[in-house]
Amino acid sequence: LKLVNRVIVQLGDYSERLVGDRYVELVLLMTLILSLLFMDHRRPLMGILYIFVPVALLFTKVAKSPLYWTVFGALILIGFIPLLNTADNHIYLTVYWILAVALCLWTLDPGRSLALNAQLLIGLCFAFATLWKLLSPEFMDGTFFYFTFLTDDRFFDFAELTAGVSPESRLYNIEVYESLKSSMNRVDSGTLVSSEYLSNIAVFMAYWTIFIEGWIALAFLVPNRFKLSKSRDIPLLIFMITTYPIATVRGFATLLAVLGFAQAQNQNRYMSVVYIIIFITVPLFSLPFERILINILNLF
Amino acid sequence: MRMSRDKLLQTLIPALMVMVCFNQLYLAFTKDLTPWKGGGFGMFATTDRMERRPVHITLNSDLGKCIADPRDVIENQLELSGIQALPTAPRLERIAILTSGMGWVIDTESLTELHCILKKKQQGNIDASVQALKDISEVEVRIYKFSFDTHSDSLSLRVLNEYVHTVN
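Those sequence lines, one after another, are chains A and B. When the letters of the first sequence are read in order and numbered with the numbering used here, they come out as residues -7 to 292. When the letters of the second sequence are read in order and numbered with the numbering used here, they come out as residues -5 to 162.
FYI, nobody ran anything at the bench for these hints, they're computed from the structure. Because the structure is a prediction, the values reported are computed rather than measured. Hints may contain errors.
25 Å max Cα-Cα, derived DSS-like pairs, lysine-lysine [said to hold, decoys possible]:
{"hint": "1", "chain 1": "B", "residue 1": "K128", "chain 2": "A", "residue 2": "K173"}
{"hint": "2", "chain 1": "B", "residue 1": "K113", "chain 2": "B", "residue 2": "K59"}
{"hint": "3", "chain 1": "B", "residue 1": "K25", "chain 2": "A", "residue 2": "K173"}
{"hint": "4", "chain 1": "B", "residue 1": "K113", "chain 2": "A", "residue 2": "K173"}
{"hint": "5", "chain 1": "B", "residue 1": "K114", "chain 2": "B", "residue 2": "K128"}
{"hint": "6", "chain 1": "A", "residue 1": "K222", "chain 2": "B", "residue 2": "K114"}
Restraint ranges, calculated between C-beta atoms of paired labels, are given here [unchecked claim]:
{"hint": "7", "chain 1": "A", "residue 1": "K219", "chain 2": "B", "residue 2": "M(-3)", "range": "25 to 35 Å"}
{"hint": "8", "chain 1": "A", "residue 1": "G156", "chain 2": "B", "residue 2": "K1", "range": "35 to 45 Å"}
{"hint": "9", "chain 1": "A", "residue 1": "I202", "chain 2": "B", "residue 2": "T82", "range": "29 to 39 Å"}
{"hint": "10", "chain 1": "A", "residue 1": "I230", "chain 2": "B", "residue 2": "K1", "range": "25 to 35 Å"}
{"hint": "11", "chain 1": "A", "residue 1": "Q2", "chain 2": "B", "residue 2": "E45", "range": "25 to 35 Å"}
{"hint": "12", "chain 1": "A", "residue 1": "Y199", "chain 2": "B", "residue 2": "V124", "range": "30 to 40 Å"}
{"hint": "13", "chain 1": "A", "residue 1": "M132", "chain 2": "B", "residue 2": "D129", "range": "43 to 53 Å"}
Ideal Cβ positions, reconstructed from N, Cα and C, are used throughout, including at glycine.
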């Protein structure tokens, strides 16, 4: 308990120092690292990122310049246009964030403007994610997760751990799935092998996702006078900790850590340190937690 | 004055995001854009992903029905992915016209009892054993999406959009 107490005191001390310009500088630094590591690295964007980001990382003055961010943002936007139909959603969100940074640095209080934009981008992202799920009958009846557990390799260990989908079934399912996916095989149907408990798990996961994403959307979009707004970080952290070790989308997790950190300035300074820790430890999300657990359980 | 300018700068990007998201919803419900793409945050909501949209190209010719690889027709992966994400009629028509204008030979290495498989005719290909496709009468381009039934665990393909090009 003494150790926990000391850690909390240290976090408090550190968070107290994260004010004003220092806070903004850290947001900019995290955004640059995010852009370099997790942006879409296809041709139109690659060159812009590889030239612009290292320059700003090397020269702090450049990194703080609104003009730099405006040019960087404009070029990213131009480079992103050919990727509009094929880019992942977190790339869209990263582009919005870079553009928001560019605009916010021209305002009187950049820290406050960045915090507001981060809050709105998180809220809107989860609002539309929840809306899409509510509009999708196959999500609401559990079909989406049921199918995903059987065919998406990121979820295989989770399906084995929670519903007992065997490794043999998984191999068979991949074969069926890949044969239908191919443009040359001309196989037009097949049957997957499932397990008894999978549909219950899938329905539970569907409702859990609606609950947690809906909570984040509401908490981030309601005005600050509402009580719900005071606990914004709680659902976001629960979401990150429960989602990304299973569905490893490191780019999205890192982006949410950056946005979470940026918006925490207006909220809870302790939390800003938690987001920094997540930002740094995102690579750990790639550890095969479920596989480790399966192996431990197999020992008994 | 400065305050209202700041307000505008603070709200411009969230407003842009809302517009893009509604546009994505419109495209997904009216033009078959995959919910996973287009910036509307429809990922992990449906099974209809871009990668699960196989493109089937079939040529009718003197040798009967033969299959062509879409990657031979659209070599740019970005463009092919774009077609899978948003398979509009003009895009499928473009594939069909490009296919009909290309030279094709039978791919003896991939030949199966069920299908006649084609490969792109290379420039200066004078190998007499290679059988070239002549008299292409029709090119069919179909794009499918997955359909999954949880009661029977059966997975099948459903036509999303198609275009048949008759060659004069």
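Evaluation of the provided hints:
Distance restraint check for K128(B) and K173(A): the Cα-Cα separation of roughly 29 Å exceeds the 25 Å cut-off, and the hinted pair is therefore not satisfied. Restraint check for K113(B) and K59(B): the C-alpha separation of about 14 Å stays at or below 25 Å, so the hint holds. A hinted pair counts as satisfied when its Cα atoms are at most 25 Å apart, and K25(B) with K173(A) qualifies at roughly 21 Å. A threshold of 25 Å between alpha carbons decides the hint, and for K113(B) with K173(A) the separation of about 19 Å falls inside it, so the pair holds.
As the CA atoms of K114(B) and K128(B) are separated by approximately 13 Å, the hinted pair is consistent with the 25 Å bound. With a C-alpha separation of about 62 Å, the suggested pairing of K222(A) with K114(B) is violated against the 25 Å cut-off. Checking the proposed 25 to 35 Å range against K219(A) and M(-3)(B) shows it holds: the Cβ atoms sit about 28 Å from each other. Evaluation of the 35 to 45 Å hint for G156(A) and K1(B) yields a failure: the beta carbon distance comes to about 55 Å.
Between I202(A) and T82(B) the CB atoms are about 31 Å apart, so this pair conforms to the stated range of 29 to 39 Å. Range check, I230(A) to K1(B): Cβ separation about 32 Å, and the 25 to 35 Å hint holds. For Q2(A) paired with E45(B), a C-beta distance near 46 Å fails the hint of 25 to 35 Å. Distance hint check for Y199(A) and V124(B): the Cβ-Cβ separation is about 58 Å, which falls outside the suggested range of 30 to 40 Å.
Range check, M132(A) to D129(B): Cβ separation about 51 Å, and the 43 to 53 Å hint holds.
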